[in-house]
Amino acid sequence: MATTPRSGGASGTGTAQRPNGTSQNKSCQFKLVLLGESAVGKSSLVLRFVKGQFHEYQESTIGAAFLTQTICIEDTVVKFEIWDTAGQERYHSLAPMYYRGAQAAIVVYDIQNQDSFQRAKTWVKELHKQASPNIVIALAGNKADLSNIRVVEFDEAKQYAEENGLLFMETSAKTGMNVNDIFLAIAKKLPKNDGANNQGTSIRPTGTETNRPTNNCCK
Amino acid sequence: MLDDLPEQFDLVVIGTGFTESCIAAAGSRIGKSVLHLDSNEYYGDVWSSFSMDALCARLDQEVEPHSALRNARYTWHSMEKESETDAQSWNRDSVLAKSRRFSLDLCPRILYAAGELVQLLIKSNICRYAEFRAVDHVCMRHNGEIVSVPCSRSDVFNTKTLTIVEKRLLMKFLTACNDYGEDKCNEDSLEFRGRTFLEYLQAQRVTEKISSCVMQAIAMCGPSTSFEEGMQRTQRFLGSLGRYGNTPFLFPMYGCGELPQCFCRLCAVYGGIYCLKRAVDDIALDSNSNEFLLSSAGKTLRAKNVVSAPGYTPVSKGIELKPHISRGLFISSSPLGNEELNKGGGGVNLLRLLDNEGGREAFLIQLSHYTGACPEGLYIFHLTTPALSEDPASDLAIFTSQLFDQSDAQIIFSSYFTIAAQSSKSPAAEHIYYTDPPTYELDYDAAIANARDIFGKMFPDADFLPRAPDPEEIVVDGEDPSALNEHTLPEDLRAQLHDMQQATQEMDIQE
Numbered sequence: 394m395a396t397t398p399r400s401g402g403a404s405g406t407g408t409a410q411r412p413n414g415t416s417q418n419k420s421c422q423f424k425l426v427l428l429g430e431s432a433v434g435k436s437s438l439v440l441r442f443v444k445g446q447f448h449e450y451q452e453s454t455i456g457a458a459f460l461t462q463t464i465c466i467e468d469t470v471v472k473f474e475i476w477d478t479a480g481q482e483r484y485h486s487l488a489p490m491y492y493r494g495a496q497a498a499i500v501v502y503d504i505q506n507q508d509s510f511q512r513a514k515t516w517v518k519e520l521h522k523q524a525s526p527n528i529v530i531a532l533a534g535n536k537a538d539l540s541n542i543r544v545v546e547f548d549e550a551k552q553y554a555e556e557n558g559l560l561f562m563e564t565s566a567k568t569g570m571n572v573n574d575i576f577l578a579i580a581k582k583l584p585k586n587d588g589a590n591n592q593g594t595s596i597r598p599t600g601t602e603t604n605r606p607t608n609n610c611c612k
Numbered sequence: 028m029l030d031d032l033p034e035q036f037d038l039v040v041i042g043t044g045f046t047e048s049c050i051a052a053a054g055s056r057i058g059k060s061v062l063h064l065d066s067n068e069y070y071g072d073v074w075s076s077f078s079m080d081a082l083c084a085r086l087d088q089e090v091e092p093h094s095a096l097r098n099a100r101y102t103w104h105s106m107e108k109e110s111e112t113d114a115q116s117w118n119r120d121s122v123l124a125k126s127r128r129f130s131l132d133l134c135p136r137i138l139y140a141a142g143e144l145v146q147l148l149i150k151s152n153i154c155r156y157a158e159f160r161a162v163d164h165v166c167m168r169h170n171g172e173i174v175s176v177p178c179s180r181s182d183v184f185n186t187k188t189l190t191i192v193e194k195r196l197l198m199k200f201l202t203a204c205n206d207y208g209e210d211k212c213n214e215d216s217l218e219f220r221g222r223t224f225l226e227y228l229q230a231q232r233v234t235e236k237i238s239s240c241v242m243q244a245i246a247m248c249g250p251s252t253s254f255e256e257g258m259q260r261t262q263r264f265l266g267s268l269g270r271y272g273n274t275p276f277l278f279p280m281y282g283c284g285e286l287p288q289c290f291c292r293l294c295a296v297y298g299g300i301y302c303l304k305r306a307v308d309d310i311a312l313d314s315n316s317n318e319f320l321l322s323s324a325g326k327t328l329r330a331k332n333v334v335s336a337p338g339y340t341p342v343s344k345g346i347e348l349k350p351h352i353s354r355g356l357f358i359s360s361s362p363l364g365n366e367e368l369n370k371g372g373g374g375v376n377l378l379r380l381l382d383n384e385g386g387r388e389a390f391l392i393q394l395s396h397y398t399g400a401c402p403e404g405l406y407i408f409h410l411t412t413p414a415l416s417e418d419p420a421s422d423l424a425i426f427t428s429q430l431f432d433q434s435d436a437q438i439i440f441s442s443y444f445t446i447a448a449q450s451s452k453s454p455a456a457e458h459i460y461y462t463d464p465p466t467y468e469l470d471y472d473a474a475i476a477n478a479r480d481i482f483g484k485m486f487p488d489a490d491f492l493p494r495a496p497d498p499e500e501i502v503v504d505g506e507d508p509s510a511l512n513e514h515t516l517p518e519d520l521r522a523q524l525h526d527m528q529q530a531t532q533e534m535d536i537q538e
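Going line by line, the protein sequences match chains L and H.
Residue numbers for the first sequence follow this note's numbering, beginning at 394 and rising by one.
Residue numbers for the second sequence follow this note's numbering, beginning at 28 and rising by one.
With a straight-line cut-off of 30 Å between C-alpha atoms, the simulated DSSO-like cross-links for lysine-lysine are:
| # | chain 1 | residue 1 | chain 2 | residue 2 |
| --- | --- | --- | --- | --- |
| 1 | L | K472 | L | K444 |
| 2 | L | K581 | L | K518 |
| 3 | L | K514 | H | K125 |
| 4 | H | K370 | L | K585 |
| 5 | L | K518 | H | K304 |
| 6 | H | K125 | L | K518 |
| 7 | H | K125 | L | K585 |
One-sided and incomplete, this derived list gives chain L residues near chain H with beta-carbon spacing under 10 Å:
| # | residue |
| --- | --- |
| 8 | A479 |
| 9 | R483 |
| 10 | S486 |
| 11 | R493 |
| 12 | K522 |
| 13 | P598 |
Bear in mind the hints are in silico, worked out from the structure with no lab data behind them.
Ideal placement from N, C-alpha and C gives every residue a C-beta, glycine not left out.
Bound conformation, chain H alone:
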């Protein structure tokens, strides 16, 4: 079946995660011949979304030394009291029966509406393959309760969380942040260069509640974040407001696993070849031709460049992995927070959590069926924090207790796992470009920067994902009925036409 695979490529990409897919698409888009392989039978590697069955199977999978997903375990919880009044009572069986209605992310992300990824999707015209859901609420914890943070101007005026004085203060503060940087000589801000954002905030004499709003949810920073960084983050938040929906954030419909596939589609549209369930057994550098020789399923492929995700053999041999991100994934039959936050069957909400000292953080993404990621009546809670140990549950314990101890969330399924990253570059694999594993970030900025960087090293002068034309702009052969249709011409005339075209091109160059 696979024997008719071409043998020579400009670029072979191993792994179909987000970063690799970006690079594959960018290569294909500028006319390079691309082969994109994955030994898995699904797209996305650790950036993938799974159905309920598939997630359990993935978590059960045996861990090899180079596996990026590790320390996995999951538990089904039985309800203490099954209420008979509920239209649907959820348990392991009823959840598994709807397995395919789930898209459970290993690495869930939230996109800034004007952030790097959305800009890249628009710039490259890949946006037409993707659909998003606007995040309904950005939340914070205040006095043990989850409350919505007002985002837009109208939100600020309508919110019941703040007093009138607080509303004025918040608006004044946000306006000042928005204008920051335009007037370089502004004394007010000069004074805070080199100090922390928190100090600046306190100097504005805002109330404790506003301070929480800004620190926890808007600027998303900690007590030691610098003034400049805090300003930048606040501006990033404000700059994404008012585009789609009420908050500055978007979540991909059917989960984040769709995003690598969108890039893969662009790659395929420009001629990239896709082979899942295909592993590379060995890679060697042919010093004569300076090409890589890849052996795969008894066949030798030649490639000018090779990009690989970590965790794929053979390039990952000898790489040591260390825990990088600790994840919790929960399925519940009730949402978090009050009715206000979950109107009409549940919101898609974002909540950033801090430990008591403010030194550690985690973010929680609550998904309802509006994202197409779970059946109606169920909610997914994704919890993510930078890993401290090989025990994701204990890394997350402080946050899960904040969330679940006093709430009446009916958790049906809970799981924990670690995403690992390599602690050293493989010495054996010089000249092969490795992508970084998922880092702890809300959006995809680091992943895109990584893809751009690798692409730039391989193809120094090429444009990274220029805009792909719309279908209306593509002229198919013989489009214009008055023009000669090349395919209907006899052989000798076709050759003449070809010569003429070449001559014209050369003329242009000379000019």
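Just chain L, with the same shape it has in the complex:
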């Protein structure tokens, strides 16, 4: 065969289908989507997690909106493919393909903003209806560094999360508080079985023949 289709999405996990197959650790790739109202700090959370950075005046997401980060849990390498909303949520026009096939979601709200918490609840409902049934959802109360002017109480959010089977943490992209932890908690909860089932395998066309070898290269 001329190509090595990447296994992905719907089948959940896939031990990387690489021709050289030297890796001994199990490796899984997951699609993780961020949801939440504008300006609650979705991009900042990812930027903190992926690059360890924080910008007080982070511009609305342009050009990126798709980052990857790898973490190791025991003998498993977990690669997160993190999707940002690219601002489409702003006028309530997020495309459903965005959360299609996602295995994990972080629903973010701002602890200083009651509306953003209500909006987060709406997103959780939407995910329960539209996303795959096994999706792991985490609720993140962001801007926890400003807890002295909070309006959403910790206990209220925690109770809501428990009732709906969500992971829950208050985070701060500014100080880094709980940022890595929330991704780690999600990684732990995701199923990491070798579920690569050929019949269910989907294809993502990548590259042309000329650059295909580099795509398949271990990074």
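Based on the hints, put chain H in the right spot on chain L.
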């Protein structure tokens, strides 16, 4: 809520169908400010996929003079005998209960693995948003039965449909097609210039069965198709082989409605603004500034360019529509064809149908749950033919009888509708670029050509969807820890840095 919408745009696109989404993405990608609107609450217009509930609601929707979707009706069929042995017996209620597991396309397509769209997705790096399922079988009707057409070399050798002599003939023929064009002086092919592909095929003394394979499924042509065109189509088929799966074709996971959304996402990633459920009430050209003034929800927006899908007010006022594509959409609890074609719970199969004279054609796409477009145990049959009349069911009757009369397919739901196209350009809407409605084609070649054309007229020298960088290649401010972080600098130093950067840029230009 919408009041903080900016008021000035380089490009406003009305409608989120495939072609419009391509144009919006291409504009945004080269740095134009783009506003993308749709009066519907969903993406894709007539290129969209629907859940079961939503499809019925869409088909029930009242037809206005400019509606592109018309003549719609649907029927639920009750099973004559409900077998108790089946693990699941399907009926209207059990299908509707799984409504959200369906992605039912108004305009289903199949992609050539090396075709225009796949190349565009790869070139622009939009491919990372899309997932596909390889089509399992390309089929043909032979003596009233649906059989698989061998595609790859190994298929040809393993197939039980052909005799050994036929296998050799087919391989020889396909190799000749593949090499065609490399040797311009080839006498064999010179002789057939200006004649039909069928004549060429007959001159190769192939058997009737091979002739059907080639005409029906590989070259996908009719008796009057020219030799050159037939060759080109055969080469297109062969050129897409061996890339993914067993056939040269792909189908998008969760339906074709995902594709416009992939382009929209790229547009948004580059700063495009999205507003669904937002209609434009009026458009006027301001002759002073040469800009369009769009009034929408009590607000006036200014745009240098406007692109609109047909069927959207106000630009569609006064446009006459004529039937263009006749569609049938069926849901069944059993697949078409034998076990071989539907291994492991059902194949994603493509079948091109011809009427007895070979003058009319339709294509059938069978989808199983592997495409994510329906629940396990159910199958979708999409039937598409160029429209002859305002009655899609009668346009398709000859093909449905070929398919269903002698099969034991258990149809639970059947629906018919027409996709209409404008028969004349609107006189009122000069300078506004219209996209074409979906044409009758297997892949998206015409739609992409249409998008490219409109984009080229608006931005003559710009590249159409150049490659978007991978996340690893994007350098976020202050990436390099040794570099100065611009945001931490005091105001006056920041201004200095800015001046210096500008000076350097100017130096470069002078050189």
